[in-house]
Amino acid sequence: MRIGFLVGPPEIVAEIDKVRLPYNLNSVSQMAAGFYLDHEARFIAQTEEIVRERAGLWDALRKTAGVHPWPTDANFIFFTCDRDINQVYAALVKRGVLVKKFDASGNAPPAIRVTVGRREENEAFLKALRAGVTTLGA
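First residue of the sequence shown? That's 1 in the working numbering, and the numbers climb one at a time after it.
It is possible that part of the hints are untrue.
Claimed, not checked - With a Cα cut of at most 25 Å, we get these calculated DMTMM-like pairs of lysine to aspartate or glutamate:
id	residue 1	residue 2
1	K101	D82
2	K127	D103
3	K63	E53
In case anyone wonders, no lab produced these hints; they're calculated from the structure.
Start from the sequences, fold in the hints, and give me the full structure.
If you want it as structure tokens, here you go:
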């Protein structure tokens with residue numbers, strides 16, 4: 001769900017309002033926006049936690065032999081591996097870790113996308129990844 005709003009000089013907002021569709025925000029979106037405004041501090045804290053966890057997870061991936069994370073500003077990280085991506089993916093799934101595998105497409109190499117989670121989830125993922133990569137051999 002996306003909810004947007006416009007902030008600007010009143011004369012510009014008034015002109016834009018002339019072409020706005022009536023009822024352009026449904027009641028569910030209105031309720032969600034209200035909920036956000038009522039709990040804004042918590043949403044900001046969660047966002048800050050995700051940013052911290054993402055930095056730690058990215059750095060840990062970077063330090064993992066044979067793993068190459070891509071720069072990101074999202075709540076997930078793409079990474080490639082020196083090992084066969086299908087084998088790495090299978091090793092993660094075997095250890096109960098669900099990630100998204102992307103086959104090669106265009107100029108993009110095969111990769112795995114992991115969602116940034118809570119600290120304990122990220123640590124469990126890293127443990128499974130390292131164990132999986134290790135069992136694939138040298």
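Checklist entry - Given the hint that K101 pairs with D82, does the C-alpha gap stay at or below 25 Å? => result Holds, at roughly 15 Å.
Item to check | Straight-line alpha-carbon gap K63 to E53, limit 25 Å | outcome: holds (15 Å)
Checklist entry - K127 and D103: Cα distance at most 25 Å? => result holds (24 Å)
The earlier numbered hints are all upheld by this structure, with none contradicted.
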